[in-house]
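Q: Listed below are the residues making up each chain.
2 protein chains.
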Amino acid sequence: MQALHLAGTLAVEEAFPMDNSDKKFRKLYETDIYNKDGLNGYAYVPNGIAVAVSNPRNETMPGTNPEQLLGLSLSTCMNATLQAIERENDLDHTAEVHVHVTMVKGTDGLEFLVHAMVSIPSVSYERAVELTNQAEQRCPVSKLLSGSINYTVETLQN
Amino acid sequence: MQALHLAGTLAVEEAFPMDNSDKKFRKLYETDIYNKDGLNGYAYVPNGIAVAVSNPRNETMPGTNPEQLLGLSLSTCMNATLQAIERENDLDHTAEVHVHVTMVKGTDGLEFLVHAMVSIPSVSYERAVELTNQAEQRCPVSKLLSGSINYTVETLQN
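Sequence lines, in order, name chains H and V.
Going letter by letter, the first sequence gives residues 1 to 158 in UniProt numbering.
Going letter by letter, the second sequence gives residues 1 to 158 in UniProt numbering.
Hints listed in this document are in silico derivations from the structure and should not be mistaken for laboratory results.
Take every hint as true, because none was put in to throw you off.
Put simply, identical chains are the same to the list, so a pair is met inside one copy or across any two.
Straight-line alpha carbon distances no greater than 20 Å define the calculated EDC-like cross-link-like pairs of lysine to aspartate or glutamate that follow:
#1 Lys36 to Glu96
#2 Lys27 to Asp108
#3 Lys143 to Glu30
#4 Lys143 to Glu96
#5 Lys36 to Asp90
#6 Lys105 to Glu59
#7 Lys143 to Glu130
#8 Lys27 to Glu59
#9 Lys105 to Asp32
Next up, chain H with everything else stripped away, as it sits in the complex:
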């Protein structure tokens, strides 16, 4: 589906409120990422991180893969959000996030199941569930995934 080139618009109108449908945005940060190789090779940020990538089903190859990179993104985003929520509630940062990603094949082809598990040892389970729910609704990566039934979040018992 061809769609509006939102990112380009944002790049031009730096520091001004943006219009995306009926929502107003202020740009805080932007970054560019490339994969020119495909399944086996490198993906990179110009003047930044480069990662070797390889077929996750070939165990002799050393690279990371989209499953792990998505889990690194989600776990960091979710835990950074939990850290902000802990700070707002005068709590020390004890939250940890574990993401399990499963590649499955079904009638609609390949899919990823993404399951985030949150533990917050310093508070009760009931309070941890509340804070997890807040993080799920505030974390930008969680918001992006929230339209998929393949994305689930769980609060772990201590």
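We have chain H; now place chain V onto it with these hints.
A: This is chain V only, laid out in the frame that chain H set:
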């Protein structure tokens, strides 16, 4: 929102068809990813990749961030899918994927705008649009993001 622990179910019932709502799945691969530090520190896969992460708005810190990690995941997944589609069509692999991620702040808090740009130099623009559309519908990361209006895909002119 508390949800079913799908991943756990899948881990137990290895090699058997899985039931997720009304869909049947066969598991092909699974991986675990952790962030215990939050915004600044490390995220890692046990016995696998570890990445330094840091606040994207603090330019003196060297780490990567959820924006870049998501872009690495999406660009690799999309280009691996394009590579498979090229192979099915007896085309050499020439596809490249560039992802631009923008962090914005709006009335609903922080959000990421994710824009994927596909170029396939070996075919006409019209054919490249067709192949991009196929990849968008088959790539598992693209499927996960497809419920968000913040995710857009564009085919670039050669």
